[in-house]
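Engineer: The task is simple: from the sequences and hints, build the whole structure.
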Amino acid sequence: MTESYVKKLSFTLLDAIPDKDPAVQEQVCSALCSLGEARPEEMLCACEKYLRQHDKLAHPYRAMVLRAMETVLNSHIHELDKDTANIVIFLASSEMTKTKELGCDWQRAASNVLVAVGKRFVNQVMEEVLSKFQPGILPHCSVVETLASLSISNAFGMVPFLPSILSTMLPMLGMAKQDAMRVVFCCALQHFSESTLEYLANLDQAPDPTVRRDAFATDIFSAYDVLFHHWLQSRDAKLRLAVVAALGPMSHLLPSEKLEEQLPKLLPGVLSLYKKHAETFQVSKEAGDGLSPLLPVQAEPGSDPRGSCECWQPYPGGSA
1 MTESYVKKLS FTLLDAIPDK DPAVQEQVCS ALCSLGEARP EEMLCACEKY LRQHDKLAHP
61 YRAMVLRAME TVLNSHIHEL DKDTANIVIF LASSEMTKTK ELGCDWQRAA SNVLVAVGKR
121 FVNQVMEEVL SKFQPGILPH CSVVETLASL SISNAFGMVP FLPSILSTML PMLGMAKQDA
181 MRVVFCCALQ HFSESTLEYL ANLDQAPDPT VRRDAFATDI FSAYDVLFHH WLQSRDAKLR
241 LAVVAALGPM SHLLPSEKLE EQLPKLLPGV LSLYKKHAET FQVSKEAGDG LSPLLPVQAE
301 PGSDPRGSCE CWQPYPGGSA
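The numbering of the sequence shown is the UniProt record's numbering, which starts it at 1 and goes up by one.
Hints should not be assumed to be uniformly reliable.
Derived CB-CB ranges, DEER-like [as the list claims (entries may be wrong)]:
1) V24 with D105: 12 to 20 Å
2) H229 with N123: 33 to 41 Å
3) E261 with D208: 27 to 35 Å
4) A23 with K56: 23 to 31 Å
If you're looking for bench data, these hints aren't it; they were derived computationally from the structure.
C-beta: ideal position from N, C-alpha, C; glycine also.
Structural biologist: Here it is as structure tokens:
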């Protein structure tokens, strides 16, 4: 198939996506993915051009196209050249931030495209995403979600960016007044901490083996302070659960003296949620997943609670 033929075939398929029959929509997306399996770069470029030329195409259909692109990217990311990657990155970034609506499928699909490209072209993706993550300006929620997802999908590529991201993010926590946005920040801090712990546990394979926990400790503690002393008291149950989920992995990055100081407050604070939360199972799950490794912590003064007991196990992924 020539490039022009692939483009024409892609456009013909894309024109059929708004069909009212869901079965037809599914068949079209499947055909697009099959075309992408055979000619990934041409299919991706055709989808990019189509979305750019059809700005009025409704959000659900744009999401379908983006999901087809993500499928092809996940299978063929190592065949992608830098120019095609940049074209896809700019498209996904634009699609992701066109609406302020929180958590819609269209935004999520665009974010997933960026995450898929970031598995190989993390520097290019980060350059674009960080251009929309500026100091003193509350970012689009999908920008924060994308950074969080990138940190999980490509910890080795993302962790070197995290000290700068955290220092930029800290003032934003005070700017976030909506509980939904606070939940997004909590999830990001959770994933940032998890990916950092994974990185530190595998320094022998890391691109920069000089990275140490101390590089993150100060900013993580400042964020921890906001989450524990302010957001944990929220009336919003979803936010409280997000805080608990984040506090566990964040605790593993605190300086040892701060951790020892905070634990007598942390555990009672989390346990008090049982009085406020109807879904006690969910509280137990989040608390157990994040905080159980910190329970046997009756340490001697000056020692690190994380290593004070033989039965203590590091957070999944480990800690250096």
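Engineer: Taking the hints in turn, state whether each one holds.
Structural biologist: Checked hints:
1. V24 with D105: 12 to 20 Å: 19 Å, holds
2. H229 with N123: 33 to 41 Å: 36 Å, holds
3. E261 with D208: 27 to 35 Å: 30 Å, holds
4. A23 with K56: 23 to 31 Å: 24 Å, holds
Checked against the numbered hints above, the structure breaks none of them.
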